[in-house]
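Enquirer: We have chain A already, so just place chain B on it with the hints.
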Amino acid sequence: MQLTPLTGTFGAEATDVDLGAGLDPAEVEELRAAFHANGVLVVRDQQLTLEQFESFAASLGTVTQSPFVTPVEGHPDVLCVKREADEEATAFGEGWHSDWSFQPAPPAATLLYAADVPAAGGDTVFSSMHLAVEALSPAMVGMLDGLRVTHSAGRYFAPQAAFAAGGPDASMEIRPDPCALAEQSHPMVVTHPVTGRRSIFANECYTTGIEGMSAAESQPLLRFVYDHLARVAFTLRVRWRPGTLTMWDNLAVQHYAVDDYAGTRRELYRIVLAGEPPI
Amino acid sequence: MKIAPLTGTFGAEATDVDLGAELAGSAAAGPDRAGTAEAVASALAEHAVVVFRDQHLDIDAFEAVAQALGAFGDTPFITPVEGHPDVLRVVREAHESGPLFGSAWHSDWSFQAAPPAATLLYAVEVPPAGGDTAFSNQRLAYEALSPAMAAMLAPLRAVHSARHSYGPKGTFGRPDPDSAMDIHGDDRAVEERAHPLVRTHPVTGARLLFVNDVYTVGIEGMTAAESKPLLEFLSAHARHVRFSARVRWRPGTLTMWDNRVVQHFAVDDYAGHRREMYRITLAGEPPV
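Chains as they are written, first to last, in our numbering: chain A, 1 to 279; chain B, 1001 to 1288.
Just chain A, same shape as in the assembly (with noise of 0.2 Å):
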């Protein structure tokens, strides 16, 4: 397996390595490795199977199930990430977000395989958690490092949410639910379990509020952690191929996906690996 850095501070490219033909653990070392070095880990030119796709998620951690997506039909573990040319569905995924954070223990790791991309457009835009923490002043960290966050899927998934009006034709089918508004705390600046950086865990989808301050409070320093997050200097870009599966770490990056493909049919296989509550 060969890495190229995809810039100057995160991220790389991994070429010489095909994945569906199963990875023996040395290799499997090798890659879990590379990925927490980078953060975002972005394979080219595989040719996988969802039983592949599966089996190579297994390797590297717990396969878990997600909410309110109905998945792929007799892959309970993976979603279709998808929209058909025709359709004029709010884009799955635009807006900063780190996946599913509004869960208790949210996933370590997503994995994200493409199927059909457009020629131009769809990239994913990822921003560094560490680079944003690690620019901040130690005053501004030490403001932050005693606070806690609620998030929730409200948003997003709750009835008469933004996904919830996809409407029949969507070829996402969200299962919107009331539970999607319940409520859940981290805290700000986490630490990630494996490398031991630090982390500003709150972002723009699922972040709802500051525990314990007012809407008025907590608007104007959540927007500026928002603005800081999505600092060009903390990000990286990918722009992908059928057969590019990239894999980030949700504790270490946040993603985008810009919505720039009207008119042009898109789907990719996610899967995500179990997490463990931040702290």
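Hint data in this document are derived by calculation from the structure and do not stem from the laboratory.
Covered by chain B, according to a simulated footprint, are these stretches of chain A (three or more residues, beta-carbon under 8 Å): (1) 7-13; (2) 117-128; (3) 221-232; (4) 256-270.
Calculated Cβ distances over 10 Å to all of chain A for the following chain B residues: (5) 1113; (6) 1124; (7) 1170; (8) 1187.
Below, a list of computed lysine to any residue pairs in the SDA-like style, where the Cα atoms sit at most 20 Å apart: (9) 1228(B) to 220(A); (10) 1228(B) to 228(A); (11) 1169(B) to 1098(B); (12) 1228(B) to 223(A).
Small disclaimer: the values here were computed from a predicted structure and weren't measured.
Yeah, the Cβ is synthetic: ideal placement off N, Cα and C, and Gly gets one too.
Expert: Just chain B now, with coordinates in the frame of chain A:
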């Protein structure tokens, strides 16, 4: 020349074109030269950022390519390449640790009475990874505003100045003996100039947001307390990721951008590596 889009909205990569041979070489004359220049100008008008890979240009050829597209713009505050008064060498040596030239959102020289229409940046040496340039499209940013916000902004004029960069207390206000670039602010750096906050592109007619973090210092007629919230909103809006494209350089990459349509940001993530580019700006017109 073949054109492939970089994103679903703007930016393109041009291949199958040798700009040195077609625009600068001794063979470059007559209708072929004019045809290539027209194709490049039209790609730039359509895509706002055009990336030409694998070019082979010396400084003379780079100048000739630029001159085929327009007249040179004025370049203040930085000592140009000796014998080439319109070419800047944008360089950082591996050992340097000072502020990086261009590492904040800006449109080149927006404080000038007639800011550049376009900028050409040619990579001679780049780090193995890092040193990308990000672009943000200000036509898309304008078009994403609500009608009420667009109407409110329409009559406003933004004040631009080079003072935060090249004024006595600016980022590059004091000569840095360690810097490979000779940057020297002068009295012109504290001058202020107002431009329409929303301008109209002279070629395409598109409406463009025209404010940037580096050079915009206020809104004409307003106090700082009044303009600050609005400028902060515009700053965050103008650089939103959904209006952006990102260029990774290789030696021999020439990127041209329409300086009226896009802002750009040089990512500072290659400490310990050398990066050397040549830059030419093309003369623009007073924004209206």
